[in-house]
Amino acid sequence: MTTLTVNGTEYPLDLADPRVTLLDALRDRLDLTGTKKGCDQGACGACTVLCDGRRILSCLTLAAQCDGREITTIEGLESHPMQDAFVRHDAFQCGYCTSGQIMSAVALLGENRAGTDADIREYMSGNLCRCGAYSNIVAAVREVARHA
Amino acid sequence: MTTIQQPRILGAGVDRVDGPLKVTGQARYPNDVNLPGMAYAAVVRSTIPSGRITRIDTTAAGKSPGVLEVITHENADHLGEAPATFIKNPQPPLQDDVIRYYGQYVAVVVADTQQNATAAAGLIEVDYDRHEAILDPHDPRAERIKDPWGEDTAWGDVRTALKRAPVMIDQTYTTSENTNNPLGLFTTLASWDGDTLTLHDSNQWPNMIQQVVAAMFGLPRDAVRVLTPFVGGGFGAGLRCWSHIPLAVMAARHVGRPVKLELTRPEMFTGLGHRTSSINWIRLGATRDGRLTAIEHESLTTLPLDGDEYEPCSSVSTWSYASPNVTARDQQVRLNIPWTNFMRAPGDAQGNFALESAIDELAWEVGLDPLEIRLLNYAEVDPKTGRPWSSNALRQCLEVGAQRFGWSNRNPEIGSMRDGHELVGYGVAGVSFFWYQQPCSATVIVRGDGSAYIRSAVTDIGTGTYTIMAQLAAGLLGLEVDQVEMQLGDSSMPVGTAAGGSGLTAALGSAVHDACGRLIKKFVELAGTDPFSPLADVPFGDVEVSEGRLFRKGEPTRGESLARILAVHGLTELSAESTSTPNSADQMGMTPAGARGARFVEVRVDEDLGRVRVARIVTVNDGGRILNEKLARSQILGGTVGGVGMALFEDTVTDKDTGRIANATFGDYLIPVNADIPDVHVEFVGEPDAFNPIGVKGVGEIGLVGVAAAIANGIFHATGKRMRSLPITMDAVMD
Numbered sequence: 001m002t003t004l005t006v007n008g009t010e011y012p013l014d015l016a017d018p019r020v021t022l023l024d025a026l027r028d029r030l031d032l033t034g035t036k037k038g039c040d041q042g043a044c045g046a047c048t049v050l051c052d053g054r055r056i057l058s059c060l061t062l063a064a065q066c067d068g069r070e071i072t073t074i075e076g077l078e079s080h081p082m083q084d085a086f087v088r089h090d091a092f093q094c095g096y097c098t099s100g101q102i103m104s105a106v107a108l109l110g111e112n113r114a115g116t117d118a119d120i121r122e123y124m125s126g127n128l129c130r131c132g133a134y135s136n137i138v139a140a141v142r143e144v145a146r147h148a
Numbered sequence: 001m002t003t004i005q006q007p008r009i010l011g012a013g014v015d016r017v018d019g020p021l022k023v024t025g026q027a028r029y030p031n032d033v034n035l036p037g038m039a040y041a042a043v044v045r046s047t048i049p050s051g052r053i054t055r056i057d058t059t060a061a062g063k064s065p066g067v068l069e070v071i072t073h074e075n076a077d078h079l080g081e082a083p084a085t086f087i088k089n090p091q092p093p094l095q096d097d098v099i100r101y102y103g104q105y106v107a108v109v110v111a112d113t114q115q116n117a118t119a120a121a122g123l124i125e126v127d128y129d130r131h132e133a134i135l136d137p138h139d140p141r142a143e144r145i146k147d148p149w150g151e152d153t154a155w156g157d158v159r160t161a162l163k164r165a166p167v168m169i170d171q172t173y174t175t176s177e178n179t180n181n182p183l184g185l186f187t188t189l190a191s192w193d194g195d196t197l198t199l200h201d202s203n204q205w206p207n208m209i210q211q212v213v214a215a216m217f218g219l220p221r222d223a224v225r226v227l228t229p230f231v232g233g234g235f236g237a238g239l240r241c242w243s244h245i246p247l248a249v250m251a252a253r254h255v256g257r258p259v260k261l262e263l264t265r266p267e268m269f270t271g272l273g274h275r276t277s278s279i280n281w282i283r284l285g286a287t288r289d290g291r292l293t294a295i296e297h298e299s300l301t302t303l304p305l306d307g308d309e310y311e312p313c314s315s316v317s318t319w320s321y322a323s324p325n326v327t328a329r330d331q332q333v334r335l336n337i338p339w340t341n342f343m344r345a346p347g348d349a350q351g352n353f354a355l356e357s358a359i360d361e362l363a364w365e366v367g368l369d370p371l372e373i374r375l376l377n378y379a380e381v382d383p384k385t386g387r388p389w390s391s392n393a394l395r396q397c398l399e400v401g402a403q404r405f406g407w408s409n410r411n412p413e414i415g416s417m418r419d420g421h422e423l424v425g426y427g428v429a430g431v432s433f434f435w436y437q438q439p440c441s442a443t444v445i446v447r448g449d450g451s452a453y454i455r456s457a458v459t460d461i462g463t464g465t466y467t468i469m470a471q472l473a474a475g476l477l478g479l480e481v482d483q484v485e486m487q488l489g490d491s492s493m494p495v496g497t498a499a500g501g502s503g504l505t506a507a508l509g510s511a512v513h514d515a516c517g518r519l520i521k522k523f524v525e526l527a528g529t530d531p532f533s534p535l536a537d538v539p540f541g542d543v544e545v546s547e548g549r550l551f552r553k554g555e556p557t558r559g560e561s562l563a564r565i566l567a568v569h570g571l572t573e574l575s576a577e578s579t580s581t582p583n584s585a586d587q588m589g590m591t592p593a594g595a596r597g598a599r600f601v602e603v604r605v606d607e608d609l610g611r612v613r614v615a616r617i618v619t620v621n622d623g624g625r626i627l628n629e630k631l632a633r634s635q636i637l638g639g640t641v642g643g644v645g646m647a648l649f650e651d652t653v654t655d656k657d658t659g660r661i662a663n664a665t666f667g668d669y670l671i672p673v674n675a676d677i678p679d680v681h682v683e684f685v686g687e688p689d690a691f692n693p694i695g696v697k698g699v700g701e702i703g704l705v706g707v708a709a710a711i712a713n714g715i716f717h718a719t720g721k722r723m724r725s726l727p728i729t730m731d732a733v734m735d
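Going down the list, the sequences are from chains A and B.
By our numbering, the letter at position 111 of the first sequence is numbered 111, and the numbering carries on one by one without gaps.
By our numbering, the letter at position 154 of the second sequence is numbered 154, and the numbering carries on one by one without gaps.
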């Protein structure tokens, strides 16, 4: 038995199948579908979650590796100002990459990498947005970073 | 037909109404739906581009843990023919042993978990009798289709005009294959209940999926329900009923459980179509002062063996500039490739790159400013028919854009604007986008509490349909935006059209506009039957609506609320339905003009490395009336990013020996990331378009068009090197 701690709740999980990624465990076993699968290859960032406060790609992380760690998903954010800023700046269109973008952006604040627009662009570049909302994502992150 | 007052809220940049769901992870996309007892499917794809299956061994897969079923062409259900819906749909999968392209589905495995299904799929052995494949558009054996849509166009005498032209540009421009790659993995979750079927499915047109699946499985249409409240992007990929959909339906029937089939990213490259490559031959004839005397534009694009595609690249040359002599012809060539399909601005994206590059070449040839030559040859009226445009603010796009960009600061000399080791170039392109509209139905309902909702079986693929239709109806019914809910994404609603061709807002908006008018009329008539109503004797034409109340024009106190009228008559709600159809150009005496636009870009070219960086972009567009400035701006921003991708990165590479797509991952198929996109200034100009009652043109695609040409033209200004092939890579710049 593995224990996944997600958003402060402990979920005992039978991981007889060691191939289960953290992403699939969240989506298929815990029905926490806010975290998205865009490539399953670590290239798009849609599955970004926080692990002990650091952003990780849940598709490249096995669920079994997360025993005893604190996972935070989009469902675990409690009205974070980043969410509100994303809405007001229209920092998404289809919304599919949004959970990952927001988790990345929230982590970015803690990494002290949101000081300039160039930094925001660079350190948000692991999160693809095919709808092309990048300028609005920068605007949302910039605003929250300034008021942080 | 209605005299309801001018809407108050239209145009306001209100926040996306589905925003809160999307930033909290609560919006449920098709692959987010989990049903009790659900099984998972994984597909197996062909590893040759042409031939026949001689043996397919599923023994090991069938014995693999958790496997419930393996389906190949040997045990697949015989399905009915897929009907064409505006355009062809792939015929049902697994019906024979013939392989037509690399990546074609040859088997589907169903298991209790995704991990077990995927593992078992890898155990299936397939032997093939491989036939020689045709993969090169220039292969003489390939079937060529001339004038595929009967739209080849000619007026004047291009041959003579070119012969006599003092100046001629004669060049070939090519664009590569691009793959739509919406971020959401396309998923079908099929669930049977007796003889009825429910699909949670990623698409842009639920009624199309419903129609095709019903035909394939021999069901009445209303036995199939397609649900798509959210979809993780489409860009055209969701406009056909792709083969994974019937596969999931067949699999669910075989195992008697709901089956989820979620494509992987590599499968998204072969299973949902892609933008065709194109070759464009352009000849321009002009006077020495740069006035066009002839345009000849021919294109060649690609087709799969058994599909069709509407990709008229040359058509932009029939409406973009005034020229007395024009010929536009398109050809297609059939290859052993996965389906070509619509991708944001099909045909226009490629054709515009060619035409706007050629116009730029002509400007340099005759020594004119690239902006000036576009204004000099401006199409004041439809050059083909001489009819007036329904609206056309291209001139304003160019002039306003030039001002915002600071075009006048441009030093015309090549390579003259240097900044350190970077060569700076300014590029411009004009855009004249096609017009498109299809019939669409909607019902508008006012509830007993005075709030309203709209129903139509359309999708909001991120374009903002949920929001702008609520705004539109709120304005027409005199309600606040948050009092109106747009319900969509369910095939059982009034028949909706596709979210495609930048045509949904005009189609759906016209239906909503008309339905709101009919609904107000119903309310007025209802009030007229109540002798105590303050509106009892007021004719429909004299009624205004505001703040949820109907009242006599100029007498706000003489009226009553929609809620009260319903209550007096013991009704819980009142509704009106309408179906919009596009107006006729003949009857209107005008040519419907799609959106218009101008692109101004500053590129920076690293002199030593050939690296191209886009430093800033100004994009000015005429989209007719803009229903929501914030969301329309986002459409243009998104299109711009797509345009940068097309210009500098995107290239679906097919291995010329095997027909395999060699870069079918996000690690290898490059799309722009955040750091690739500079400051983008977006502005709208123009006026409400005259061709539909709500005055919109649709802005979903135009943002992409012209970006590639402007970048290429900027690179020429910076380096003196003419980029005639997309994407523009470092090696081409250094060559």
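If you're looking for bench data, these hints aren't it; they were derived computationally from the structure.
You may find that some hints are simply not true.
[As the list claims (entries may be wrong)] What the simulated footprint calls covered on chain B by chain A, stretch by stretch (three residues with Cβ under 8 angstroms from a Cβ of chain A suffice, anywhere in the stretch; the number is not a length):
1) 56 to 63
2) 171 to 185
3) 272 to 281
4) 638 to 644
5) 667 to 674
[Unchecked claim] Label pairs and their computed distance ranges (CB to CB):
6) B:Thr196 to A:Thr116: 55 to 63 angstroms
7) A:Thr116 to B:Pro412: 28 to 36 angstroms
8) A:Arg54 to B:Thr581: 51 to 59 angstroms
9) A:Gln65 to B:Lys656: 38 to 46 angstroms
10) B:Trp149 to A:Gly53: 50 to 58 angstroms
[What the hints assert, rightly or not] Listed below are several chain B residues computed to face chain A (Cβ distance under 8 angstroms; list not exhaustive):
11) Gln115
12) Leu227
13) Val231
14) Gln587
15) Thr591
16) Ser634
17) Ile677
18) Val680
The model shown is predicted, which means the values in this text are computed figures rather than measured ones.
Ideal Cβ positions, reconstructed from N, Cα and C, are used throughout, including at glycine.
Under 8 angstroms is the threshold here; is the Cβ of Ile677 of chain B close enough to any Cβ of chain A for the hint to stand?
Where the cut-off is 8 angstroms and the nearest Cβ of chain A is about 4 angstroms from Ile677 of chain B, the hint holds.
C-beta pair Trp149 of chain B, Gly53 of chain A: status relative to the range 50 to 58 angstroms that was hinted:
At roughly 57 angstroms between Cβ atoms, Gly53 of chain A and Trp149 of chain B fall inside 50 to 58 angstroms, so the hint holds.
With 8 angstroms as the cut and Cβ atoms as the points, is Leu227 of chain B at the interface with chain A?
At 15 angstroms from the nearest chain A Cβ, Leu227 of chain B fails the 8 angstroms test, so the hint is violated.
Hey, does the Val680 of chain B contact hint survive, CB to chain A under 8 angstroms?
holds (5 angstroms)
Status of the hint placing Gln115 of chain B at chain A (closest C-beta pair under 8 angstroms):
holds (5 angstroms)
Hint says 55 to 63 angstroms; check whether the CB-CB distance for Thr196 of chain B and Thr116 of chain A agrees.
Hint holds: Cβ distance 56 angstroms, inside 55 to 63 angstroms.
Thr591 of chain B was flagged as interface toward chain A. Is the shortest Cβ-Cβ separation under 8 angstroms?
violated (30 angstroms)
Taking 8 angstroms as the C-beta cutoff, is the stated coverage of the region 667 to 674 of chain B by chain A satisfied by three or more residues?
Satisfied; 5 residues make the cut.
Hint check, Val231 of chain B versus chain A [nearest Cβ-Cβ separation less than 8 angstroms]:
At about 7 angstroms, which falls below the 8 angstroms cut-off, the nearest Cβ of chain A leaves the hint on Val231 of chain B intact, so it holds.
If you count the residues of the region 171 to 185 of chain B with a beta-carbon closer than 8 angstroms to a beta-carbon of chain A, do you get 3 or more?
holds (count 5)
Taking 8 angstroms as the C-beta cutoff, is the stated coverage of the region 272 to 281 of chain B by chain A satisfied by three or more residues?
violated (count 0)
Determine whether the Cβ-Cβ distance between Arg54 of chain A and Thr581 of chain B falls within the hinted range of 51 to 59 angstroms.
holds (56 angstroms)
Checked against the numbered hints given earlier, the structure breaks hints 1, 3, 12, 14, 15 and satisfies all the rest.
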